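Need the complex rebuilt from these two chains, each delivered in its own frame; the hints are there to steer you.
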Amino acid sequence: DTAVSQTPKYLVTQMGNDKSIKCEQNLGHDTMYWYKQDSKKFLKIMFSYNNKELIINETVPNRFSPKSPDKAHLNLHINSLELGDSAVYFCASSQDSGLNYGYTFGSGTRLTVV
Amino acid sequence: AQSVAQPEDQVNVAEGNPLTVKCTYSVSGNPYLFWYVQYPNRGLQFLLKYITGDNLVKGSYGFEAEFNKSQTSFHLKKPSALVSDSALYFCAVREAAGGFKTIFGAGTRLFVKA
Chain U
51 DTAVSQTPKY
61 LVTQMGNDKS
71 IKCEQNLGHD
81 TMYWYKQDSK
91 KFLKIMFSYN
101 NKELIINETV
111 PNRFSPKSPD
121 KAHLNLHINS
131 LELGDSAVYF
141 CASSQDSGLN
151 YGYTFGSGTR
161 LTVV
Chain C
141 AQSVAQPEDQ
151 VNVAEGNPLT
161 VKCTYSVSGN
171 PYLFWYVQYP
181 NRGLQFLLKY
191 ITGDNLVKGS
201 YGFEAEFNKS
211 QTSFHLKKPS
221 ALVSDSALYF
231 CAVREAAGGF
241 KTIFGAGTRL
251 FVKA
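First to last, the sequence lines map onto chains U and C. Residue numbering for the first sequence follows my numbering, beginning at 51 and increasing consecutively. Residue numbering for the second sequence follows my numbering, beginning at 141 and increasing consecutively.
One chain only, chain C, in its complex shape (with noise of 0.2 Å):
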């Protein structure tokens, strides 16, 4: 069965500094993964995946995350935080043999402070 760990509960950055959120993850196959955000009283947004090819994918507002399959990780990345990321962030993953069930993990909220 997969399953998906972030590892921390918050990560504290300053703006304009670099962030890194973690994720890892366990599946029986090839994964599917993703990173969703999630701001107080919205549902979930659609960050960026990775399926195949390059290691490290770009999605919005200025995110990339780097898949690494010897550590089975995912983490979300940006080169300098804003004032405005600060929010939940959601690792997932699905089997790629794995019909529609996507597993999200337990959320990590980030604090980008001025």
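Isolated chain U (complex conformation) (with noise of 0.2 Å):
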């Protein structure tokens, strides 16, 4: 049973596209994220929802959108891509602030813009 799943697992698409990245965890947590990565291994964090309220949003472009239609989902949207988003987006999930068990992440989506 995969804990934190995203989908696709590979996007690659031209500049200017929109595309969605899918996020789900079936581990019952109610506190979930948004992570980027870039080509250097940094991590960014961008969106956190805790129970379908958004409570973290970074300064990351307007371009970016998070949905969380439910505690077990957060969805990012990504308008007019750039080649600058090329990275790969982590999604993760913990209970409550993730104090006593940390986050759980998911394989990530490698997003290519060319």
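Worth double-checking, as some hints may not be accurate.
What the hints assert, rightly or not - Listed next, the in silico EDC-like pairs over lysine to aspartate or glutamate satisfying Cα-Cα at most 16 Å (straight line):
hint : chain 1 : residue 1 : chain 2 : residue 2
1    : C       : Lys241    : U       : Glu103
2    : U       : Lys91     : C       : Glu155
3    : C       : Lys241    : U       : Asp146
4    : U       : Lys86     : U       : Glu132
5    : C       : Lys253    : C       : Glu235
What the hints assert, rightly or not - Which bits of chain U does chain C cover? Going by a derived footprint, with three or more residues having C-beta under 8 Å, they are:
hint : stretch
6    : 86-92
7    : 96-109
8    : 148-159
Hints were generated in silico from the structure; no laboratory data involved. Predicted model, so just to flag it, every value in this text is computed and none were measured. For each residue, glycine too, the CB sits at the ideal point set by N, CA and C.
This is the structure we're talking about:
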């Protein structure tokens, strides 16, 4: 059973396109996150939702829009894709703020914009 | 604002030798500290945490970390390295009063040679 699953695993698309990445967790966690990992492996938080409420919204372009239809899902929609958006995007979840058991990460979505 | 630094891009160690991966942090108040490991093409996995209590915390796979408040450090250690420990290691920090936002370091690649 996959705890945090992201689809697709790989995404290659042209500049200017709109794309979505889906994330689902079956752990019963109430908090979900999106992180971006660049080519140098640096991880940067983008968004977090707790019980479907947006609680972290870092300085990212407004072309990025998260959506949480329920506690188990947090999707990421990206409009007008740019070359600089190429990265690996990780979804993660935690119970509450993740102090006791940390975050559980998905295996990532490698986005390549050409 | 909180921050975390991992001063070494890569650590090389021979199998069977002790290993240390360094981490220093900066927060306004009390810190919550974490270590994660990332294997190739995988998401991060939680290794251990320091919230309060004993300065030496034990985690998964025989790893431990030592919290040093005066040096603002949280170094990851293992008495005897295995080739299978070769991976990317991330230190992470959160302010105790900072809510859900966890900041990750830039990562240190550990290479264990047989």
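Subject >> Hinted pair Lys91/U and Glu155/C, Cα distance within 16 Å >> reply: Not satisfied, since the Cα-Cα distance of roughly 25 Å exceeds 16 Å.
**OP:** State whether the coverage of the stretch 86-92 of chain U by chain C holds or is violated, taking the criterion as 3 or more residues with Cβ-Cβ distances under 8 Å.
**Re:** It holds, with 3 qualifying residues against the three required.
Original post:
Given the hint that Lys86/U pairs with Glu132/U, does the C-alpha gap stay at or below 16 Å?
Top reply: holds (15 Å)
Original post:
Holds or violated: are the alpha carbons of Lys241/C and Glu103/U at most 16 Å from each other?
Top reply: Holds: Lys241/C and Glu103/U sit about 15 Å apart, inside 16 Å.
**OP:** Confirm or reject the coverage of the stretch 148-159 of chain U by chain C under the rule of 3 or more residues with a beta carbon closer than 8 Å to the chain's beta carbons.
**Re:** holds (count 11)
Original post:
For the pair supplied as a hint, Lys253/C and Glu235/C, is the alpha-carbon distance within the 16 Å limit?
Top reply: Cα-Cα ~36 Å, so violated.
Subject >> chain C covers the stretch 96-109 of chain U, three or more CB atoms within 8 Å, holds or violated >> reply: holds (count 4)
Original post:
Going straight from one Cα to the other, do Lys241/C and Asp146/U come out at no more than 16 Å?
Top reply: OK: Lys241/C and Asp146/U at ~12 Å, within 16 Å.
In summary, the numbered hints that this structure violates are 2 and 5.
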